[in-house]
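Please arrange chain B on chain A, whose structure you already have, making use of the hints.
Here the protein sequences come in this chain order: A and B.
The first sequence begins at -1 in my numbering and counts up one residue at a time.
The second sequence begins at 108 in my numbering and counts up one residue at a time.
Misleading hints may appear alongside valid ones.
[Said to hold, decoys possible] Covered by chain A, according to a simulated footprint, are these stretches of chain B (three or more residues, beta-carbon under 8 Å):
#1 277 to 285
#2 379 to 390
[Claimed, not checked] Okay, derived cross-link-like pairs now, BS3-like style, lysine-lysine, Cα gap no bigger than 30 Å in a straight line:
#3 A:352 <-> B:686
#4 B:311 <-> B:605
#5 A:407 <-> B:413
#6 A:352 <-> A:450
#7 A:407 <-> B:653
#8 B:686 <-> A:358
#9 B:561 <-> A:430
#10 A:352 <-> B:267
#11 B:561 <-> B:545
#12 B:477 <-> B:413
#13 A:158 <-> B:686
#14 A:430 <-> B:545
#15 B:561 <-> B:131
#16 B:131 <-> A:450
#17 B:267 <-> A:430
#18 B:131 <-> A:471
#19 A:487 <-> B:178
#20 B:653 <-> B:671
#21 A:471 <-> B:110
#22 A:358 <-> B:653
#23 A:430 <-> B:311
No lab work stands behind these hints, which were simulated from the structure alone.
Note that the Cβ used here is the ideal one computed from N, Cα and C, for glycine as well.
What follows is the residue order along each chain.
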Amino acid sequence: MNPKDVLLTFPELLLWFPLISGLIAFVLKKGDHAKKWALTSSFITVGIVAASLFFTDQKYFNFNNVSYFWMPSLGSSFALMYDGMGRMLCLLTAVSFPLVFLSTYTNDYKKPHSFYGLMLLTQSGLMGVFCAMDALVFYFFWELALIPVYFLSSIWGGEKRIQATFKFFVYTFAGSLLLLIGIIYVYLHTPEGTFSLRAFMEAKLPPGKEKVAFWLFFIAFAIKMPVFPFHTWQPDAYEQSPTGVTMILSGIMVKMGVFALIRWLVPVFPYATQMFSNIVVVLAVTGMIYASCIAWMQDDLKRLVAYSSIAHIGLMCAAVFARAESGVEGVMIQMFNHGINIIGLWIVVNAVEKYWGTRKISELGGLANTSPTLTIFLVIIALANIALPLTNAFVGEFLMFNGLFAYGKWTTAIALISIILAAVYTLNMIQKVFYGPVRAHYPLAGVTRLDKGAVVALSIIVIIIFVLGVYPKPLIELTMSTVGAFMNKVHGL
Amino acid sequence: MSKLVYLVPLFPLIGFLINGLGRKSISKSLTGIIGSGVILASFIVSLVLFFDVKAGHTGVVKLFDFITVGKLDIPFAFQVDQLSSIFLLIITGVGFLIHVYSTAYMHEESSDHYARYFAYLNLFVFSMLLLVLGANYLIMFIGWEGVGLCSYLLIGYWFKNNDYTNAAKKAFIMNRIGDFGFLLAAFWIIQQFGSLNFADVFSKASGMKMNDAVLVGITLLLFLGATGKSAQIPLYTWLPDAMAGPTPVSALIHAATMVTAGIYMIARSNILYTLAPTTQGVVAVIGLATAILAATIAIKQNDIKKVLAYSTVSQLGYMFLGLGVGAYTGAVFHVMTHAFFKALLFLGAGSVIHAMHHEQDIRKMGGLKKALPVTHITFLIGCIAIAGIPPLSGFFSKDEILAAAFSASKVYWVIGVLGAVMTAFYMFRLYATTFLGKFRGTHEQEHHLHESPKAMTIPLIVLAILAAISGFVGVPAVLGGSHELEHFLAPIFAGSVKLQHPHNINHNTEYMLMGASVALAAIAILYAVSRFSKKPELNDATSFGKVLENKWYIDELYDAIIVKPLRGISAFLNNIVEKLGIDGVVNGVGRIVNYGSRQLRLLQSGQVGAYILIMVVAALALFIIQLFVL
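Same shape as in the complex, but just chain A:
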C-alpha cells in the first residue's frame, strides 16, 4: 500500500461519487426522486471537478495521483492519474451530465430510478477511463462505461432499438475483445510484467509484433470514435437511443476513442504509429469528406448530426496521427468543445421532435416563424459546430488543420474541403427546417415554448461557445502539459 497524505484523491472522488450516487438512485423508486437526485448529484460532480482545477500544481501531486495494488498476482495496480487531458475530459464529463439532465427534465421515463442509476454508473465509468494509468483498470472502466449504455439504449430507445443496440453491442464488443487481446499481448512483453502505462511504454515488442498489437488497439479505438469505415453502428445507435443517451454517446463516449489514441496507442507503439500513420490519416480524411457528403443526403436530423460528428472526429484522428504540437493541442480543445456543441445540437433536435412530432427535414419548415428562440439557439450552435471564428470550435479546428498541414499540404487541402461541405449541409438544414413559410400540417403545431430546463442548458452552452471561442487560453493551458509529454514521447523515438 502506498502511503497517502490525503484521504481521497480527486480521481477517486470522481469515480466513487457518481458510482455511489448511481447505486443510491436505483432504490429511489418514488416519483421523480431519482430524477432530482441525479440532477443534484451531477451538479456536485461539477463542483468537485471545478475545485480540482485549483489543485493542478505539481505540489498537489498527492491530490491527483493514486496507486494501490489491485491484483498483485497479475501485476496490475489500481493506478489513477489526473493530468491535464484527464482534467479536461473529466470536466467535459462532469459538465455534460447536468446539461443532459436539465434539457431532458420533462422527459418521462418508465422506471426512472433505473434510468438515472445507469446514467450515473456510466458517468463513473467514463471518469475511470480518463484517469486510468493501468491497462487493466482502463479496460475495466472502458467496459463499465459501455455496459449501462447497452441497457439504456435497449430499454428506453426508439422503435428499432433492439436491432440498433445489438449492432452497437456487437461492434463495440468486438472492439473491446481486440483491445483485451492487445492488452494481454503487450503485457506479456513488459519488462516487469505489469499493466502500468509506463510499463506498456517501455515494453519491448519486436517490430512485427508491435504492428499486430497496434492494429488490435487501433481497431478498438477506431470503432469507438468511430473512424471510417468502422462507423456504421453510430447513426443507428444515435437515432435509436433515447436523446439523453445519445448526448452522452456522442458528447463524451466518442472522446474515449480519441483520448485512447493519445494515451494508450501512439505513446505505446511509436514505431508502428510512424509506420501506419499514412494509412490512418488517409482513412480519417476519407471519412471526413465521405461523412460530410452523406450528412448532406440525410433527411433525419439525428442522422445528419451523427454523420456530421463522424466528419469532425475524422479530423481529430488525423490530427493525432499528424503528431504536430499545435494539431494535438487542437484535438484537446476540440474534444471538449465538440462535446459541448453536439449536446446543444441534440437538445435542439429533441425540442423539434417533441413539438412537431417528427425529425424529418422534409416534413419540417418555417420554424423560425413560430419559435424564434429555438432558431437563434440552433443557428448559434450549428455555426459553432461548423467552426465559425469566435465560437469555441474554431480554435480547435484551426489548430488541427494547422497541425495536419505540417504533415501534408495536399492532405490538408483535401481535408479542408470538409469545411465547405459542412457549410452546405448545415445551411441546407437550417434553411429547410427553420426558414421558408410555416408548414401547416404539424400534429402538435402551436406548442412552441421551449422547456425551462432546455433553455437553461442551451444558454449555458451558448455562453461556453462564446467564452471559449474568444478566450481559449484557459483550455489550452489546462492541457498544454499533456501535449508536451505526448510530443516528447513521439519525438523521443
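Chain B in isolation, oriented as in the chain A frame:
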C-alpha cells in the same frame, strides 16, 4: 491615443447586444437611435485615430492572448496605421449614413424584426472593423468570416421567402470556398514564417527572392479567398443574387464595404504580391476579365439592383486590375470613391424602390425625375462619378488604375477602357430608363409617387457631395495635384515601391489616354441617354442580348458541372456505398455469424466422444500454429 482603438469595434458590438437581446422590448425609435448612435460613436473615435495616425502615431495594440501553442503565438491585436485608419473612416462613415437611412427604409417592419435588422447590421460593422483592424491574418480571418455570416443573415433577412434564403445560402457557401483558400494560405504562412503577424510575415518575406514558389502559392491561395469575398471570377455569382437582401444592406455590405475586403487584404499583403509577379499577373487578368464580363451582363439587366450589382462586380474587377499591376494606392483610392458613389447609387435605388412600392423593374418606371427631385439629382451625380467624367471622384481613381494598367500592358488598357465605356453606357441606360421619359407604372403607383423622407434624402445628399469631391484627395501630378492620398499611404506600400520598376509615362501620353477614355465615356453617355429616354427597352432581349440577360448562363453551367455531380456523388455514397456497401458488409457478417452459430449448435450433440475429438483436433491445430507461424 491608439490605445482607444478597441472602442471602435466595441460600440457596434454593444449595439448588437442591446438590439439583439432586447429585440422584444425596445421600441422602434430607440432601436434606430441605438443602432445608428453606436456607429456614430465609432466614427468619431475613428476620426480621432485618423488624425492621430496622420500625425505619425501608428502601431500595434495587443488586447489579449488569443492562441498560444508552443512556438505559435497569435495575439488578439489591432493594427492602427494609414491603411486601416482610412478603411475605418469609410466603414463607420458610410456605415453611419446607411444606418440612418435604414431607420426610415425599414419602418414597415414590426419592432422585433426591426431590432433584428439593426442587430445584424451592427454585428456586420463590428466584424468588418475586426477585419481591417486585425494585426495578423487570424484576426483578419475572424472578421472575414464574420462579415460573411452577417451577409448571409441579412440576405436572408426575409426568411420566409425561399428564393431569398437560397441566395443567402449561396453567398455563404461561395464565400466558404474562398475561405478554404484563405485558411490554406494561413497554414502555409505559419509553416513558412512561423507567425501570422503582419509585421513578422512581411519583414521575413521581404528577404525572399522574387517569384519564390512558396510565395506564389500563398498569394494565389489568398487571392482565392479574395475572389470569394470580393465577387471575382470564378466565385462572383453570389453577389447579384445577394440583392435579395434589403437595399441598404446591398449598399453597405454588397457595395461599399464587405466586398472590398479582398482588395484590403491584398493591399495589406502588398509586399507578398509584389514579390510574386506570377500571382500579380493572375490577379490583373482575373480582375480585368471580371470587369468586362460583369459589364456586359449589366447592359441587359432590367432589375435596378441587378444592374448596380453587376456594376459593383465590374468595379471590383478594376480594383483587382489595379492591385495586379501594382497600383496599390489606385486600388485603395477606387475602394474609397466607389464606396461613396456606389453606396449613393444603391441608396438612390432604394429610394426609387420605396417610392414605387417595391417595384424593381426599370421597365415599369420612367420619368421619375419630377416626383423624386433629390433622388434624381443625387443619382445622376453617382452615375457621372462612376462613368469617370471629371472632376467627379470616379474619374481620378479609375484613371489612376488605367494609367498603371497602360504601363503594364497596352492590352490591359484597351480592355479596361472598353469596360469603362460599357460602364458609362449601362449606367446611363439605367438612369434614362428610370428617371427620364414617361412614367410606365400603374395609375395607383403614380398617384402614390413621393420623395423619400429626410432620413433617407440627407444621407443621399451627403454621399453625393462625397462622390463629387472625394476625388480631389488623389489628383495626380500630371493634373497639377499632389496626390495627398498617395503620400498618406506611402509607408504602407514603401516596401513594394522599392521593388517595382518605376514606370513613368510622359505627360503627353497621359493626357492622351485620359482624353480618350473620357471622350469615349461621354459619347457612350450621350448615346445611352438619347436612346433610352425616348425608347426604353421594354421587350425581352433576343439573340445575343438574351445570353447577356441570362448572365452568360454561368449559373446554369455551375449547376450542371459542380452542384449536380456533387449531389449525384453524395447520393451514390449514401445509397450505394454506405447502405449496401459498408453497412451491407457489416450486416452480412452479422447474418453469417447468425447462420454459423446455428450450424455450430449441431456440434453440441451430447456425445462425449465427439467433444473429445474436437478438443484433440483443436489442441493439435494450436500446436501447429504455435510451431510454424509464431
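Given the hint that residue 358 (chain A) pairs with residue 653 (chain B), test it: the Cα-Cα distance must not exceed 30 Å. violated (41 Å)
For a C-alpha distance cap of 30 Å, please report whether residue 407 (chain A) and residue 413 (chain B) respect it. The hint is violated at about 40 Å.
Mind checking the alpha carbons of residue 561 (chain B) and residue 545 (chain B) for me, to see if they're no more than 30 Å apart? holds (26 Å)
Decide if the proposed pair is consistent with the structure: residue 653 (chain B) and residue 671 (chain B), CA atoms, cutoff 30 Å inclusive. Measuring from Cα to Cα gives roughly 24 Å; hence the hint holds.
Restraint check for residue 561 (chain B) with residue 131 (chain B), where alpha carbons must lie at most 30 Å apart: holds (27 Å)
For the pair supplied as a hint, residue 131 (chain B) and residue 471 (chain A), is the alpha-carbon distance within the 30 Å limit? violated (35 Å)
Can you confirm whether the C-alpha distance between residue 471 (chain A) and residue 110 (chain B) stays at or below 30 Å? Status holds; Cα separation ~23 Å.
Pair hint outcome, residue 686 (chain B) versus residue 358 (chain A) [Cα-Cα no greater than 30 Å]: Distance ~19 Å between residue 686 (chain B) and residue 358 (chain A) Cα, so the pair holds.
Check of the region 277 to 285 of chain B against chain A for coverage (Cβ-Cβ below 8 Å, three residues minimum): holds (count 4)
Quickly compare the C-alpha distance for residue 311 (chain B) and residue 605 (chain B) to 30 Å and report which way the hint goes. holds (16 Å)
Checking one constraint from the list: CA of residue 430 (chain A) to CA of residue 311 (chain B), max 30 Å. Satisfied? violated (48 Å)
Does residue 686 (chain B) lie within 30 Å of residue 352 (chain A) when you go C-alpha to C-alpha? OK: residue 352 (chain A) and residue 686 (chain B) at ~28 Å, within 30 Å.
When the structure is compared with the earlier hints, violations turn up for hints 2, 5, 7, 9, 14, 18, 22 and 23 and for no others.
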